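**Student:** Residue-level listing of the chains:
There are 2 protein chains.
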Amino acid sequence: MIAVDWGTSTFRAYRLAPDGAILDKRDAQLGILAVKEGRFAEALESQVRDWLEAGEAPVVMSGMIGSRQGWKEAPYAQCPASAREIAASMVEVRWGNACSAWIVPGLRCRDAQGVPDVMRGEETQILGAIDDVLEHSARVCLPGTHSKWVQVEGGRITHFATYMTGEVFAVLKAHSILGRMMTDADFDPVAFQSGVLRAREPGGLLHHLFGVRSRGLLGDLSDDDSAAYLSGLLVGNELAALPRLSGRVYLLGASPLTRLYTAALKSYGVDTKILDADAAVRGLFNLAQTLPRS
Amino acid sequence: MIAVDWGTSTFRAYRLAPDGAILDKRDAQLGILAVKEGRFAEALESQVRDWLEAGEAPVVMSGMIGSRQGWKEAPYAQCPASAREIAASMVEVRWGNACSAWIVPGLRCRDAQGVPDVMRGEETQILGAIDDVLEHSARVCLPGTHSKWVQVEGGRITHFATYMTGEVFAVLKAHSILGRMMTDADFDPVAFQSGVLRAREPGGLLHHLFGVRSRGLLGDLSDDDSAAYLSGLLVGNELAALPRLSGRVYLLGASPLTRLYTAALKSYGVDTKILDADAAVRGLFNLAQTLPRS
Numbered sequence: 000m001i002a003v004d005w006g007t008s009t010f011r012a013y014r015l016a017p018d019g020a021i022l023d024k025r026d027a028q029l030g031i032l033a034v035k036e037g038r039f040a041e042a043l044e045s046q047v048r049d050w051l052e053a054g055e056a057p058v059v060m061s062g063m064i065g066s067r068q069g070w071k072e073a074p075y076a077q078c079p080a081s082a083r084e085i086a087a088s089m090v091e092v093r094w095g096n097a098c099s100a101w102i103v104p105g106l107r108c109r110d111a112q113g114v115p116d117v118m119r120g121e122e123t124q125i126l127g128a129i130d131d132v133l134e135h136s137a138r139v140c141l142p143g144t145h146s147k148w149v150q151v152e153g154g155r156i157t158h159f160a161t162y163m164t165g166e167v168f169a170v171l172k173a174h175s176i177l178g179r180m181m182t183d184a185d186f187d188p189v190a191f192q193s194g195v196l197r198a199r200e201p202g203g204l205l206h207h208l209f210g211v212r213s214r215g216l217l218g219d220l221s222d223d224d225s226a227a228y229l230s231g232l233l234v235g236n237e238l239a240a241l242p243r244l245s246g247r248v249y250l251l252g253a254s255p256l257t258r259l260y261t262a263a264l265k266s267y268g269v270d271t272k273i274l275d276a277d278a279a280v281r282g283l284f285n286l287a288q289t290l291p292r293s
Numbered sequence: 000m001i002a003v004d005w006g007t008s009t010f011r012a013y014r015l016a017p018d019g020a021i022l023d024k025r026d027a028q029l030g031i032l033a034v035k036e037g038r039f040a041e042a043l044e045s046q047v048r049d050w051l052e053a054g055e056a057p058v059v060m061s062g063m064i065g066s067r068q069g070w071k072e073a074p075y076a077q078c079p080a081s082a083r084e085i086a087a088s089m090v091e092v093r094w095g096n097a098c099s100a101w102i103v104p105g106l107r108c109r110d111a112q113g114v115p116d117v118m119r120g121e122e123t124q125i126l127g128a129i130d131d132v133l134e135h136s137a138r139v140c141l142p143g144t145h146s147k148w149v150q151v152e153g154g155r156i157t158h159f160a161t162y163m164t165g166e167v168f169a170v171l172k173a174h175s176i177l178g179r180m181m182t183d184a185d186f187d188p189v190a191f192q193s194g195v196l197r198a199r200e201p202g203g204l205l206h207h208l209f210g211v212r213s214r215g216l217l218g219d220l221s222d223d224d225s226a227a228y229l230s231g232l233l234v235g236n237e238l239a240a241l242p243r244l245s246g247r248v249y250l251l252g253a254s255p256l257t258r259l260y261t262a263a264l265k266s267y268g269v270d271t272k273i274l275d276a277d278a279a280v281r282g283l284f285n286l287a288q289t290l291p292r293s
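Protein sequence lines correspond, in order, to chains A and B.
Each residue of the first sequence is one higher than the one before, counting from 0 in numbering that gives the first Met the number 0.
Each residue of the second sequence is one higher than the one before, counting from 0 in numbering that gives the first Met the number 0.
FYI, nobody ran anything at the bench for these hints, they're computed from the structure.
Only a predicted model underlies this, so the values are computations on that prediction, with no experimental measurement involved.
Hints may contain errors.
One copy or two, either will do: identical chains are not told apart, so a pair holds if it fits within one copy or between any two.
[Unchecked claim] Straight line, CA to CA, 20 Å or less: simulated SDA-like cross-link-like pairs of lysine to any residue: (1) 24 / 54; (2) 265 / 242; (3) 24 / 93; (4) 172 / 107; (5) 24 / 184; (6) 265 / 11; (7) 172 / 144; (8) 24 / 155; (9) 71 / 217; (10) 71 / 218; (11) 71 / 109; (12) 71 / 216; (13) 272 / 90; (14) 265 / 223; (15) 71 / 185; (16) 172 / 36; (17) 265 / 189; (18) 272 / 22; (19) 24 / 287.
I would like the entire structure built from these sequences, with the hints used as guidance.
**Tutor:** In structure tokens form, the structure reads like this:
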């Protein structure tokens, strides 16, 4: 089969053996925003035409390719959802003579106040992780631009919540007065941790953010440490807002981020276990198993 | 006397009669960032040379002109501080034959955890307001890019806290994924209020922010309403973080903002009274009264 992780800015394709082993891999800066005039079939063929011509099938794709701006919208499936339930909501696209691919839907849920939340792509990573280690009850965190905290119960994704932590850090660093004092110094873990601890004190995030500046102006925080301290404030605020943070958290993501979250969670006495960051491929493989054999 | 409110991006000068009445006024886009190579004396003369030549004195200036990037740094005075105590920390600059001006220092304080906060310019506005209406105990809010919440006791500024509310709104609108869906529609007060109420629910600001997007994607929030809802989330988060919000709050600022804060505070059962937004001029006048007559 061909597994495709197709996001806003990147395209990743994997050729998988019948047992799920990765036989080959293609990467490109060909996210959906780089595809003009809806030419998604051509974009896909430009990357993996040889695999398709060799008869590799099925093609299963997850990520923003299923959004309104993607190839074809795959409406969000509703939580709670198992791999089988998500697979049942996959959307097919056809092109050329007899070419076809499946798009994995995103997930949606509502919190106790009725406010909705959505994910698109992360559900596939979780499904790859569920298969291996998350058979029972588990709390999974996928840190990043939009961090996801996901509750898994008996093989189903029951609920999740998104935090804009990574994006807020990026825009404050690049565009706010806080970024003006920041340097390119190495990220200091002690400054990060002091931001995490500050987030547990009274005052609220908007006040704590100004503290990056006032501490800098009065010499309490060096310019070199201010980016790490800001990052700690934001990650710490995310953790402080979580209900009932205890026990173990499974982390799914790239290693610099999972290390930071492990350090931050330690200050809450929470143990972490880092899951395989390539879970998306296994999730796509698992979803493909539910398709009828052609 | 000549009262000058000299900020990062704007310059405002007032010629005042001995009783404090405004005789004349000059405005220019000549903030401290627009002054090259430290030529502050020339910049000042370019605006009010005729007043200076007529012998108008003293000249008292507040705002970022007293920052490290300004004419001369006027180190922050320490809270609690009265008008007299702030005046005693004014810094003099001299130029030309016999020209001189006074720069008002900013204020600093530390919270219960020892984290510092600073203001520069707002203290002068408060001193103008104290004189008239704030003789006793009062809580004053100056909404804006960096909102200030200030406690006044018996004519002294005893403590304050800054919230980056306005700047976070501006950078998220201009540079985050949330801004992409926003339109130039009129600001809807109902959407604003629903953001204020959302901020009181569990989840935390970073999660509530993502709700602007998820509610938009699922049709719970129109593109036209999303900027007002985001503004409500942020102002609401600021209010939710305040200790013991009750009684009356004095608002000092421009009218669209003070109207928004009045609406938001009403949902907390808090009464507001709007102070004269030109308080800075009166504050400068009050400070000038402490100077020895020449």
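**Student:** A separate judgement is required for each hint: does it hold in the structure or not?
**Tutor:** Checked hints:
1. 24 / 54: Close inside one copy (17 Å), not across copies (80 Å); limit 20 Å.
2. 265 / 242: within (16 Å within a copy, 28 Å between copies)
3. 24 / 93: Neither: 23 Å inside a copy, 70 Å across copies.
4. 172 / 107: neither (30 Å within a copy, 24 Å between copies)
5. 24 / 184: Answer is neither; intra-copy 34 Å and inter-copy 46 Å both fail.
6. 265 / 11: For residue 265 and residue 11, neither the intra-copy (33 Å) nor the inter-copy (52 Å) Cα distance is at most 20 Å.
7. 172 / 144: Both ways: residue 172 and residue 144 sit 13 Å apart in one copy and 16 Å across, limit 20 Å.
8. 24 / 155: Neither: 29 Å inside a chain and 68 Å across chains, both beyond 20 Å.
9. 71 / 217: between (54 Å within a copy, 17 Å between copies)
10. 71 / 218: Cα proximity of residue 71 and residue 218: across copies only (19 Å, versus 53 Å in one copy).
11. 71 / 109: The answer is neither: 24 Å in one copy and 55 Å across copies each exceed 20 Å.
12. 71 / 216: between (51 Å within a copy, 15 Å between copies)
13. 272 / 90: neither (33 Å within a copy, 57 Å between copies)
14. 265 / 223: neither (24 Å within a copy, 42 Å between copies)
15. 71 / 185: This pair counts as neither: shortest intra-copy Cα distance 42 Å, inter-copy 33 Å.
16. 172 / 36: Cα proximity of residue 172 and residue 36: none, with 34 Å in one copy and 27 Å across.
17. 265 / 189: Only inside one copy: residue 265 and residue 189 sit 13 Å apart there, 42 Å across copies, limit 20 Å.
18. 272 / 22: Neither: 28 Å inside a chain and 70 Å across chains, both beyond 20 Å.
19. 24 / 287: This pair counts as within: shortest intra-copy Cα distance 18 Å, inter-copy 74 Å.
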